[in-house]
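A.B. asks: One-letter residues, chain by chain:
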Amino acid sequence: MIAASLNSAVGRAGLMLMLGASVFGALAVLYGIRKGDKKLLRQSPRYAWLALAGITLSVVMMQRALITRDFSMAYIQQVGSPDTPALYNFAAMWSALEGSILLWAFVLTGFTAAVAWRFRKRTDDVLVGWALIVMFVVTAFFAMVSFGPADPFSNGVAGFNPATAPGPNPLLQNHILVLFHPPILYLGFVGFTVPFAFAIAALVTGRLGEGWLLETRRWALFSWSFLTIGILLGGWWSYEVLGWGGVWAWDPVENASLLPWLTGTAYIHSVLVQERRGMLRVWNLSLLVATFSLTILGTFLTRSGVIESVHAFGDGPVGAWFLSFFGLIVVVSLGLIAWRGDRLRSPGSIDSPLSREGAFLANNVLFTVFAFVVLLGTLFPLLVEVLDDRRTIVGAPYFDRLSMPIGLMLLFLMAIAPVLPWRKASTELLRDRLFWPAWAGAGALVFSVAVGATGWAPLVAFALAGFAAGAAVRQIAIATRRQGWRGFVGRANGGMVVHIGVIMIAVALASSNSFTHATRLQLEQNVVQEWSGHTFELTSLTENTSQAGQSALEARVVLDGSKTIVPAITTYLNIGLDVPTPGVRTGLTNDVYLTLEQGSKPGDTSVSIQAFVRPMILWLWIGGLVMAVGTLLAAFPGNKRRRATDPVSAPIDTGRPDVQRPEGEQEPEPAGVSV
Amino acid sequence: MNDLNRRLKSWPSWVVLLIVVASVLAVGSTRSAGPQTQEERIDAVARRVACPVCNGESVFESRNRASRAIRNEITDLVRATEATDDQIIAGLENTYGADVLLVPKATGFDALIWVLPAVAFVLGVAGLAVAFRRWKLQADANVDPTDADRDLVAAALRDRDE
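Order-wise, the sequence lines are chains S and F.
Everything in the first sequence is counted per my numbering, starting at 1 for the first residue and increasing by one.
Everything in the second sequence is counted per my numbering, starting at 676 for the first residue and increasing by one.
Accuracy of the hints is not assured; some may be wrong.
[Claimed, not checked] Chain S stretches covered by chain F per the calculated footprint, using a threshold of three residues with CB under 8 Å from any CB of chain F:
| hint | stretch |
| --- | --- |
| 1 | 85-97 |
| 2 | 242-254 |
| 3 | 371-379 |
| 4 | 384-393 |
What the hints contain is simulated information worked out from the structure, not anything from laboratory work.
Owing to the predicted nature of the structure, the values given are computational and were not obtained by experimental measurement.
Ideal Cβ placement from N, Cα and C applies to all residues, glycine included.
Whenever a hint applies, use it, and build me the whole structure from the sequences.
C.D. replies: Have a look at this one:
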């Protein structure tokens with residue numbers, strides 16, 4: 001009992017420290033800025049260290065409570081169990097509402113501290129000061145949520161019997177990815193707080209040149225990358241665990257993670273136009289605000305119980321907190337943008353739709369419409385319930401149908417955009433530069449038809465994928481011929497590597513969605529059956545009780561006479577729940593995916609198995625890896641080029657005498673940025 | 676070589692490319708995908724039907740008893756009757772109510788979910804068109820940079836590089 005009170009008491013104390021440090025940090029920096037007190041401003045990183053120390057203490061105490069199975073705490077009663085293996089017990093921290101908020105707060109405070117450290121020499125700069133205030137306010141919000149409505153350290157019911165403890169949701173304790181998927185996804189979600197904070201700081205201080213943008217370029221890029229990897233890991237986890245053979249179900253929670261990714265992707269493209277040409281300022285700010293507020297909205301949707309979802313957790317007061325915070329963010333941001341409207345008017349103009357800028361704008365229209373579709377589909381059941389008072393469901397077929405044309409248009413854009421020069425392109429230039437990429441597309445099409453692909457949609461997708469890959473390879477080939485290995489690094493070249501990863505994923509999705517074969521196999525012991533080019537032989541059906549608290553029915557199926565795969569149904573004895581675990585044989589061109597049907601007993605000589613042959617699935621994960629590598633390459637400084645802040649011949653006329661200056665003089669050159 | 680390259684990339688080769696793509700696409704998209712197995716048909720229908728007791732999953736994905744019952748019903752209808760996919764789904768809607776449909780209808784209030792994305796797309800494209808038009812007018816109003824302008828830029832760039 002003493003240990004119990006220690007865990008929750010010290011854990012709460014840690015949260016209190018985080019809350020106090022964030023609130024005082026925000027107030028101190030605000031006061032320092034108002035009074036021009038540089039000494040006070042220079043102390044601001046200390047509040048970030050204190051907040052980080054506080055939340056670290058809480059996380060350590062939560063882990064201690066999990067490890068020691070401290071059943072006096074409500075959260076441990078909910079997710080703890082004496083039987084959970086150590087690794088999943090570690091991950092149990094984020095397997096329910098309160099702990100997931102705790103993890104979020106931990107990552108967020110880590111980012112705040114990272115910002116404080118990165119800009120420690122410039123804390124007396126007002127822009128950095130305001131950015132820190134925003135970070136502190138967001139941190140304080142999460143500390144309050146964790147301290148109030150989603151308290152992970154609250155006391156459990158008395159007289160709890162540990163033998164009946166359920167442990168984490170069974171789906172969250174049978175695959176190693178549960179260790180990586182949530183933290184990496186959170187790194188992505190939370191990371192966008194940093195560019196958002198700098199955007200707000202730029203609005204407040206009125207320093208709306210490109211300085212804040214350059215400061216946060218890498219932060220945005222890395223957050224985007226983590227979000228990408230997190231989403232893909234989620235798909236992988238779903239594929240390996242859920243047993244229906246798919247990677248993406250357009251579930252509201254999945255959509256909640258896709259929404260900020262879509263607006264974030266739009267942002268990291270259109271931001272290049274602003275860096276290069278100083279244009280689209282309002283638009284880029286809006287995209288950042290949208291990205292950040294969509295992460296909060298997503299958190300609201302998935303944690304308030306307003307939307308039905310397989311992995312929505314919890315309902316109750318947390319929802320109201322997140323909804324209010326979402327409202328606050330939107331109102332404050334839009335208010336600031338309106339207030340600074342006059343300074344946000346961009347000088348210059350975009351000459352031609354047929355230019356790099358034009359392509360980025362088209363990209364933005366497509367990504368924004370995509371985000372709108374996903375948001376609409378996710379919220380529509382809610383709208384119908386409120387306005388029409390009936391229940392409706394918007395399922396995967398709706399999203400599939402609408403995302404297909406958008407995806408094809410994006411592929412087309414990916415083919416054209418990389419060869420377009422800034423400002424203006426002629427048809428002659430396009431004819432010249434697009435020639436080989438276009439033939440690459442034709443080659444891809446011929447190849448797909450030759451290997452038996454059918455249907456216009458996947459064929460168009462493959463042709464466009466070849467086209468886009470041709471354009472990306474062309475850019476890298478030209479760059480490496482000119483600059484050797486440096487032709488792979490830098491924004492444009494690394495970006496092309498990312499594009500190649502995206503193309504792999506697009507091809508994998510198009511082929512696995514269009515050419516999956518499925519059937520139900522009735523396998524007899526030691527009888528070889530053939531289906532879809534593979535042979536299957538059941539060798540045994542046995543019960544495995546080696547894991548405490550579980551009993552698994554395992555079928556051993558020999559595939560193609562060589563490899564044994566083991567689809568299973570695991571019964572979690574404490575909960576009385578059966579969870580099927582698929583057996584998967586992964587290959588370069590196709591996966592064989594087997595799920596055991598319910599109703600068999602150990603020792604049966606016949607078993608019913610749901611079998612899928614899904615083409616190209618492996619390329620989803622390879623594509624994800626290529627995207628991650630490409631992002632790293634893009635974050636490296638490329639070759640020196642003209643900066644946005646360099647003088648150009650284009651006349652700059654904002655119509656206001658007080659801001660009529662060349663770009664570079666609007667604010668001090670950001671230190672340490674050489675991109 | 677350069678000349679060859681230029682001639683290769685001239686319009687006639689693009690026409691050839693277009694013909695190749697169009698004909699291969701026509702062949703590929705019209706030929707039969709092979710017979711659909713009954714299981715695949717059952718899956719295709721099951722993907723369009725919501726599990727009545729769980730949260731937004733389709734009958735195809737979810738593994739609980741209610742979903743299995745509906746799946747068996749679909750299986751029987753596919754195996755034993757001549758009903759088309761749409762007829763099977765209409766039948767299920769009669770039995771279980773409209774909230775087993777995973778794809779919203781295109782009539783009444785639900786039509787909004789189909790109309791609004793199209794509206795958003797049209798607005799986006801129209802917005803771009805208007806913006807480009809405005810930019811063009813603005814650019815036309817500005818004269819080309821003079822030699823003095825160019826000298827100024829060159830001097831400023833020189834200063835920076837030193």
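A.B. asks: So, for every hint listed, does it hold in this structure?
C.D. replies: So, going through the hints one by one against the coordinates:
1. 85-97: Our answer is that it is violated, as 0 residues pass the Cβ test (under 8 Å) against chain F, missing three.
2. 242-254: It holds, with 7 qualifying residues against the three required.
3. 371-379: holds (count 4)
4. 384-393: holds (count 7)
In the structure shown, a violation is registered for the earlier hint numbered 1 alone.
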